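Novice: Given only the sequences and the hints, what does the whole structure look like? Please build it.
Number of protein chains: 2
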Amino acid sequence: MKLRKLILLLPIFLLVLLSATCTKPENTTAQDMPSNPQTFNWKMMAVWPEKLEILTQGIKQFIEDVGIISNNRLNITLAGNAGELSVFEAVSSGKIEIGHSVAYLWTDKIPAAQFMASVPFGMDARQHLAWLNNGGGLGLWQGLYKQYKIMPFPMGNTGMQMGGWFNKRIEKIADFKKLKIRLPGLAGEVIVQREIGAIPTQTDDPVNALKDGNLDAVEWMGPYYDKKLGLHKKAKYYYYPGWHEPGTTLELLINLEAWENLPDDLKRVIEIAANNTHHWIYTEFESKNAQALKDLESNGDIDIRAFPDKVLTKLREATKKRLEQKAEADRDFEKVYKNYRDFQETMDNWRSKAQRLK
Amino acid sequence: MKLRKLILLLPIFLLVLLSATCTKPENTTAQDMPSNPQTFNWKMMAVWPEKLEILTQGIKQFIEDVGIISNNRLNITLAGNAGELSVFEAVSSGKIEIGHSVAYLWTDKIPAAQFMASVPFGMDARQHLAWLNNGGGLGLWQGLYKQYKIMPFPMGNTGMQMGGWFNKRIEKIADFKKLKIRLPGLAGEVIVQREIGAIPTQTDDPVNALKDGNLDAVEWMGPYYDKKLGLHKKAKYYYYPGWHEPGTTLELLINLEAWENLPDDLKRVIEIAANNTHHWIYTEFESKNAQALKDLESNGDIDIRAFPDKVLTKLREATKKRLEQKAEADRDFEKVYKNYRDFQETMDNWRSKAQRLK
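Just so you know, the protein sequences line up as chains A and B, in that order. Counting from -8, one number per residue, gives the positions in the first sequence under the working numbering. Counting from -8, one number per residue, gives the positions in the second sequence under the working numbering.
Keep in mind the hints are simulated off the structure, nothing from the lab. In this text the structure is predicted, and so the values were computed from the model without any measurement.
Heads up, the list lumps identical chains together, so a pair's fine if it works in one copy or across two of them.
Computed list of lysine-lysine pairs in DSSO-like fashion (alpha-carbon distance at most 27 Å, straight line):
no.: 1; residue 1: K227; residue 2: K159
no.: 2; residue 1: K258; residue 2: K51
no.: 3; residue 1: K326; residue 2: K285
no.: 4; residue 1: K163; residue 2: K301
no.: 5; residue 1: K171; residue 2: K317
no.: 6; residue 1: K311; residue 2: K285
no.: 7; residue 1: K305; residue 2: K326
Specialist: Structural data, given as structure tokens:
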């Protein structure tokens, strides 16, 4: 073979050699490694103020985890805010791909979304996750959000809350009459009913509202954040249990088109990282609330009391009445309520026996 | 430029072109994508019989998830058995890289391992995970296993169990005297103490042992697996609560050298996939036990009863005595017991208030 011919063939040899190196790099036998991995860059928003650091940290960890375990093929960055849009609307419209929030914020649009967050006298955190995973709850949730082009997943639970701070004792249901109380959402609808007659009152500054007498009582979040805010300095009585929110599940919202564009492995990355963060947030809340309650108990100025059973019975009856009204008004609500209630009945029966150790 | 010179330069052009294509394949902008991803092939074993399908499925899902989210860089295959070695020894020696089991199996070697699984009258599933993640429990666990060259993580919880099947009623602590009962582990040590005087009895076939009168009572797993085994056909009384195991955490065992050889991102893959499986197993047990208990309740032949409070009080006292004996005999046990007990006290106080809704 002549030199000239060799030189002419050289590019072809090099091509073959380099192609082989390209598709099978040295030191690896990884199978099915995508040869052209596609990268996704998502923007994320959350409904929480920065200072709720358990949630802020949880979301940051989720973003970091997704980056690490996806090998940076799915990069999520926190976007500032959505302007006029809610996080739900921003995800729904595709302005952002992913958001973190809580389903009871969207009950004006979707009344049945209530069951995906928390219901007064409803399931606790553990039961609710069992319902979502094993009782058909997640399928119902995804069905409700589908028309808004959103794929929801659970990500976080605040655990049970306390019953709130009161500046007077609650001995009977009549003590709620004309009580100016900050208690938002469905529980607020329950206590506004005529047979209870409380006056739900909105405020962003419950500490001063209590001090100024604009509020008689306030339900905020739980011992840890209540103590941080200083509520224990403005009201004497701290009541339990948190009948109004027995375990609030938080949600990851994903734009449906963005979700469907992901390859299956990145879908699984999201699911697993979200589940991991779900439990991280939950155990953070549980540990910090337990410690904060202990600290509050050692403060002699605070009177930590249980609502009397007869008060809880009345609140439970009023809750049932309100849920049934809402079920009559909305077919989705009725359908989800029935599924939720049946599952809870089975789980409550088990809990009443299995969890009976004091 | 002459044609010949051009031909001579062609290989260099091609090299540059192909190198660019190699390091930055089309359709991707993935950053930090390892150019030489290393692949790891691990063998795994579990201590469970195949028929405990919740665990079998959980482990299979874990293996599949690790494959998917690691992009097949960490491939785990189930190995048959370790011959003479226990799963713990097989992982410790490096014969296999990873195993699934429960820490109370290794208390002969490491008495304090008891606290990593479940302790009579100890923490429930939720509290235990909070302790591991937020109370220093996981660090203590990893410290205990380090001399055996094993890195442990929680992966799964069976939830609370029932108190067992009895062929006679338990009205007072004296009814345990000379009772032939299958109740392994620390709870077995508790009831063998003189003031209780039961006769813990081993059996792999509790159904026939009950039928033949070789056993008076048996604690097995919980309503779902108890019912599958048919225990409800051989004993009339089904007692609760499961004081002996209030929420048993299962464990992932990883050979320490294999762990340390993993790059950080694959370590995180393991942690996140294990946490995900932890909760999958737990909610499976909770949902299936709740449904099975309901089914058993609808069977008129079974008498489902609570242990009287005074019996539980005696069992609790006997448990405390036994734990203190063990703490005196082993410094690690003493250290972990103190940490565990303090955390449980804080969590129990919170649970007694927050989880007070019936």
